[in-house]
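Note that the numbering used here numbers the sequence shown so that position 90 is 84, with each residue one more than the last.
Treat the hints with caution; some may be incorrect.
As the list claims (entries may be wrong) - Calculated pairs, DSS-like style, for lysine-lysine (alpha carbon to alpha carbon, straight line, at most 27 Å):
1) Lys13 <-> Lys160
2) Lys157 <-> Lys76
3) Lys256 <-> Lys160
4) Lys98 <-> Lys208
5) Lys167 <-> Lys224
6) Lys13 <-> Lys208
7) Lys98 <-> Lys183
8) Lys160 <-> Lys245
9) Lys224 <-> Lys236
10) Lys157 <-> Lys183
11) Lys245 <-> Lys167
12) Lys256 <-> Lys183
13) Lys183 <-> Lys113
14) Lys142 <-> Lys48
15) Lys166 <-> Lys183
16) Lys13 <-> Lys113
17) Lys52 <-> Lys13
18) Lys256 <-> Lys133
19) Lys224 <-> Lys256
20) Lys224 <-> Lys183
21) Lys98 <-> Lys13
22) Lys167 <-> Lys157
23) Lys142 <-> Lys52
24) Lys183 <-> Lys133
25) Lys256 <-> Lys113
26) Lys52 <-> Lys98
27) Lys98 <-> Lys133
28) Lys133 <-> Lys208
29) Lys236 <-> Lys160
30) Lys183 <-> Lys167
31) Lys113 <-> Lys160
32) Lys48 <-> Lys133
33) Lys256 <-> Lys208
34) Lys142 <-> Lys13
35) Lys142 <-> Lys256
36) Lys160 <-> Lys183
37) Lys133 <-> Lys113
As the list claims (entries may be wrong) - Pairwise CB distance ranges (calculated):
38) Thr86 <-> Glu20: 44 to 52 Å
39) His94 <-> Pro179: 47 to 55 Å
40) Asn218 <-> Ser70: 33 to 41 Å
No lab work stands behind these hints, which were simulated from the structure alone.
Quantities reported herein were computed from a predicted structural model and do not represent experimental measurements.
Ideal placement from N, C-alpha and C gives every residue a C-beta, glycine not left out.
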Amino acid sequence: MAILITGGHGFIGTNLVQKLINDNHEIVLFLREPYQNCNLPYILYNGDIDFLIKSFLKYNISGIIHLASYFVVNHSIADIDKIINANILLGTRLAEAAIHSNCKWFINTSTFWQYFNNKSYSPVSLYAASKQALEDILKFYRDCYALKITSLELFDTYGPGDKRIKLFALLKKHSENSETLQMSPGEQKINLLHVNDVVNAYQILINMMESPCKIRSNYSVFSNQSLSLKDVVTIYSRISGKVINVEWGGKSYRPREIMDPKPLHGLVPSWVQEVSLEQGIQTII
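Please construct the entire structure, taking both the sequences and the accompanying hints into account.
Now the structure itself:
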């Protein structure tokens, strides 16, 4: 029995795949285009559900971890089809293939951006709206078929090997070139979770999916410490020993900036945070 992972070459996916292989899980990657030097079995997606069903049966796929998405902060017209195809259509096709191929479970990945001002649903962006749309579609599959489905709500993630242009990459760059980094006023709180802790949450969910226990439709993983952007920059500077020239207020807050993120759903059962922010920063500097 194998686990299919979409987004397996992304930041979280790479770490999750390695951990699952180390734990002797059989992994099959889901690819939307050929990937050089891929040394794992993979399904090269061509948009055809019948092909997916045959591939699921060929590899004896028992579960799906859906990490792949198309992310953009502020979309343009050119992004609309990419968002719909990657964030809604793909997940729907995976679920449809699952119910026709003896696949038992499906772990989706959601985002706190679906809940502006901690409302039950108020998307920050079209990206967030598309993530909620897939959740709503998956509810149909969860309610109507023998497919165990849950969504894991993630907040901001980080860790070594992260190639995304996010906060710590910017801080590292500007600590090395001494250029001034223009940032918002910096009062918004952010919740940062090390990738090792994120991977642990997926592992627990996999074990739950493969057991007879009851599964809720949504879970969260959430650091026990939300800090203002200013405080995070101060901590990074102290631990790295680097001075970072920041112009606070040099940029405006984003439209619909989330100022104090909270988890809408309960934490993954038995999951605990193991890597503090200070320990995590030490792993990346």
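Hint by hint, here is what the structure shows:
Between the alpha carbons of Lys13 and Lys160 the distance comes to roughly 24 Å, so the proposed pair stays at or under 27 Å and holds. At most 27 Å may separate the alpha-carbon atoms for a hinted pair to count; Lys157 and Lys76 meet this at roughly 21 Å. Among the hinted pairs, Lys256 with Lys160 is consistent with the structure: their alpha-carbon atoms are about 20 Å apart, no more than 27 Å. Our distance criterion of 27 Å between C-alpha atoms is met by Lys98 and Lys208, whose separation comes to about 13 Å.
This hinted pair checks out: Lys167 and Lys224 have alpha carbons roughly 17 Å apart, not beyond 27 Å. Taking the CA atoms of Lys13 and Lys208, the gap is near 25 Å; set against the 27 Å cutoff, the hint holds. Between Lys98 and Lys183 the CA atoms are separated by roughly 38 Å; this puts the pair beyond 27 Å, and the hint is violated. About 16 Å separates the Cα atoms of Lys160 and Lys245, which keeps this hinted pair within 27 Å; it holds.
A hinted pair counts as satisfied when its Cα atoms are at most 27 Å apart, and Lys224 with Lys236 qualifies at roughly 15 Å. Note on Lys157 and Lys183: the hinted pairing holds, with a Cα-Cα distance of about 23 Å set against a maximum of 27 Å. Distance hint between Lys245 and Lys167 is fulfilled; the C-alpha atoms sit about 18 Å from each other, no more than 27 Å. Our distance criterion of 27 Å between C-alpha atoms is met by Lys256 and Lys183, whose separation comes to about 10 Å.
Pair hint Lys183 plus Lys113 holds up; C-alpha atoms about 17 Å apart against a cutoff of 27 Å. This hinted pair checks out: Lys142 and Lys48 have alpha carbons roughly 21 Å apart, not beyond 27 Å. At most 27 Å may separate the alpha-carbon atoms for a hinted pair to count; Lys166 and Lys183 meet this at roughly 20 Å. With a CA separation close to 34 Å, the supplied pair Lys13 and Lys113 exceeds the 27 Å bound.
Distance restraint check for Lys52 and Lys13: the Cα-Cα separation of roughly 24 Å lies within the 27 Å cut-off, and the hinted pair is therefore satisfied. In summary, the hint linking Lys256 to Lys133 is supported, as the alpha carbons are separated by about 23 Å, within the 27 Å threshold. Taken as a hint, the Lys224 and Lys256 pair is honoured in the structure, with Cα atoms around 19 Å apart against an allowance of 27 Å. The hinted pair formed by Lys224 and Lys183 meets the criterion: a straight-line CA distance of about 9 Å does not exceed 27 Å.
Between Lys98 and Lys13 the alpha-carbon distance is near 21 Å, which keeps this suggested pair within the 27 Å criterion. Of the pairs offered as hints, the one joining Lys167 and Lys157 holds, with about 12 Å between alpha carbons and a cut-off of 27 Å not exceeded. The hinted pair formed by Lys142 and Lys52 meets the criterion: a straight-line CA distance of about 21 Å does not exceed 27 Å. The hinted pair formed by Lys183 and Lys133 fails the criterion: a straight-line CA distance of about 31 Å is larger than 27 Å.
Between the alpha carbons of Lys256 and Lys113 the distance comes to roughly 10 Å, so the proposed pair stays at or under 27 Å and holds. Pair hint Lys52 plus Lys98 holds up; C-alpha atoms about 15 Å apart against a cutoff of 27 Å. The suggested pairing of Lys98 with Lys133 holds, with an alpha-carbon distance near 15 Å, which does not exceed 27 Å. Using a Cα cut-off of 27 Å, the hinted pair Lys133 and Lys208 holds, with the two alpha carbons roughly 15 Å apart.
Proposed proximity of Lys236 and Lys160 is supported: the alpha carbons are some 18 Å apart, at most 27 Å. Taken as a hint, the Lys183 and Lys167 pair is honoured in the structure, with Cα atoms around 22 Å apart against an allowance of 27 Å. Proximity of Lys113 to Lys160 is assessed by CA-CA distance (about 25 Å); at most 27 Å being required, the pair is judged to hold. Between Lys48 and Lys133 the alpha-carbon distance is near 24 Å, which keeps this suggested pair within the 27 Å criterion.
Proximity of Lys256 to Lys208 is assessed by CA-CA distance (about 25 Å); at most 27 Å being required, the pair is judged to hold. Simply put, Lys142 and Lys13 have alpha-carbon atoms about 23 Å apart, close enough for the 27 Å limit, and the pair holds. Distance check on the hinted pair: Lys142 and Lys256 sit about 26 Å apart at the alpha-carbon level, within 27 Å; holds. About 15 Å separates the Cα atoms of Lys160 and Lys183, which keeps this hinted pair within 27 Å; it holds.
For the suggested pair Lys133 and Lys113, the alpha carbons sit about 19 Å apart, so the restraint of at most 27 Å is met. Range check, Thr86 to Glu20: about 25 Å between beta-carbon atoms, so the 44 to 52 Å window is missed. Range check, His94 to Pro179: Cβ separation about 52 Å, and the 47 to 55 Å hint holds. For the pair Asn218 and Ser70, the supplied restraint of 33 to 41 Å holds, since their beta-carbon distance comes to about 37 Å.
When each numbered hint is compared with the structure, violations occur for hints 7, 16, 24 and 38.
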